[in-house]
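Novice: Sequence:
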Amino acid sequence: MTNIVHLVWNTLDTRPCIKKNKKLGLINTRALARYLIKEYHIETNLDAVISAIRRYDFKSTNNIFSNCEQILRKTVNLSTRSGLVEIALKKDIEIQRAIPNLYRYIKYEYGDVLRILQANETIRILIDMKNLENILSLFQKEKILDIQKNLAEINMHIHPEMEKTPGILSLITTELSINNINIIDTMTCSPEIIWFVKENDLLKAYQTLHNLCNRKITEL
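Terminal number for the sequence shown in the working numbering: 212, no gaps in between.
Misleading hints may appear alongside valid ones.
As the list claims (entries may be wrong) - Here are the simulated SDA-like pairs of lysine to any residue, each with C-alpha atoms no more than 25 Å apart in a straight line:
| # | residue 1 | residue 2 |
| --- | --- | --- |
| 1 | 196 | 61 |
| 2 | 15 | 200 |
| 3 | 66 | 196 |
| 4 | 12 | 170 |
| 5 | 14 | 39 |
| 6 | 156 | 141 |
| 7 | 12 | 26 |
| 8 | 190 | 72 |
| 9 | 15 | 181 |
| 10 | 122 | 170 |
| 11 | 12 | 34 |
| 12 | 141 | 90 |
| 13 | 99 | 66 |
| 14 | 133 | 92 |
| 15 | 14 | 37 |
| 16 | 12 | 181 |
| 17 | 141 | 155 |
| 18 | 66 | 195 |
| 19 | 12 | 155 |
| 20 | 196 | 181 |
| 21 | 82 | 195 |
| 22 | 15 | 32 |
| 23 | 141 | 120 |
| 24 | 15 | 49 |
| 25 | 141 | 177 |
| 26 | 12 | 32 |
| 27 | 122 | 91 |
| 28 | 190 | 110 |
| 29 | 82 | 134 |
| 30 | 15 | 37 |
To be verified - Cβ-Cβ distance ranges computed for the label pairs, FRET-style:
| # | residue 1 | residue 2 | range |
| --- | --- | --- | --- |
| 31 | 50 | 111 | 34 to 40 Å |
| 32 | 91 | 183 | 23 to 29 Å |
| 33 | 125 | 103 | 17 to 23 Å |
| 34 | 58 | 33 | 47 to 53 Å |
| 35 | 156 | 128 | 24 to 30 Å |
| 36 | 102 | 26 | 56 to 62 Å |
| 37 | 162 | 70 | 52 to 58 Å |
| 38 | 33 | 93 | 49 to 55 Å |
| 39 | 165 | 95 | 30 to 36 Å |
| 40 | 1 | 165 | 41 to 47 Å |
FYI, nobody ran anything at the bench for these hints, they're computed from the structure.
Computed from a predicted structure; not experimentally measured.
Beta carbons are placed, not taken as given, at the ideal position from N, Cα and C, and that holds for glycine.
Throw the hints in and build the complete structure from the sequences for me.
Specialist: Structural data, given as structure tokens:
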């Protein structure tokens, strides 16, 4: 029985959307138990899962997300930009030596975009589509792993409290995902959070974030 409780609780911990809607009374406990058994192949009887759900602390979860939503209402502004392209590069010495040459073509004074994300194996560069050919000329073809065109970004200029508020990113990504918006990449550089999506998702993504940041207290 203890293992079933932990399994159900761990599953609920990873599904903030379920936790929020359960606390709001939008999800029936018996229906949720059936869903968890079917979706996660829990090998036990229905009553055991129902018992585990009833013992789960939904109240503290609701407080976390209610707090996040109130902090998000303090977002300073949202801005968008389209016509972007992402280049994924193999991370090695040659690429790292070539990176400084990007600034030869990026004109910040004209509003050009340059975002660089570095991981263990790849370096991703986001630029304006107009600069693509010039930037590609800096790298050997075999070093270019992927090119994604028709991207856009949404820049959230956040309130300082967001940096120390647990659950902010989880709430935002959940809201975007339940609206069927695929997040291509994200970048945090305080006081900004930047979300990268496909251009055809830009309007919907912007409206989703705008609604989230302007949700009335009575809706929380």
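Novice: Hint by hint, work out which the structure violates, then give me just those numbers in ascending order.
Specialist: The structure breaks hints 6, 9, 10, 13, 16, 17, 21, 34, 35, 37 and 40; every other hint is satisfied.
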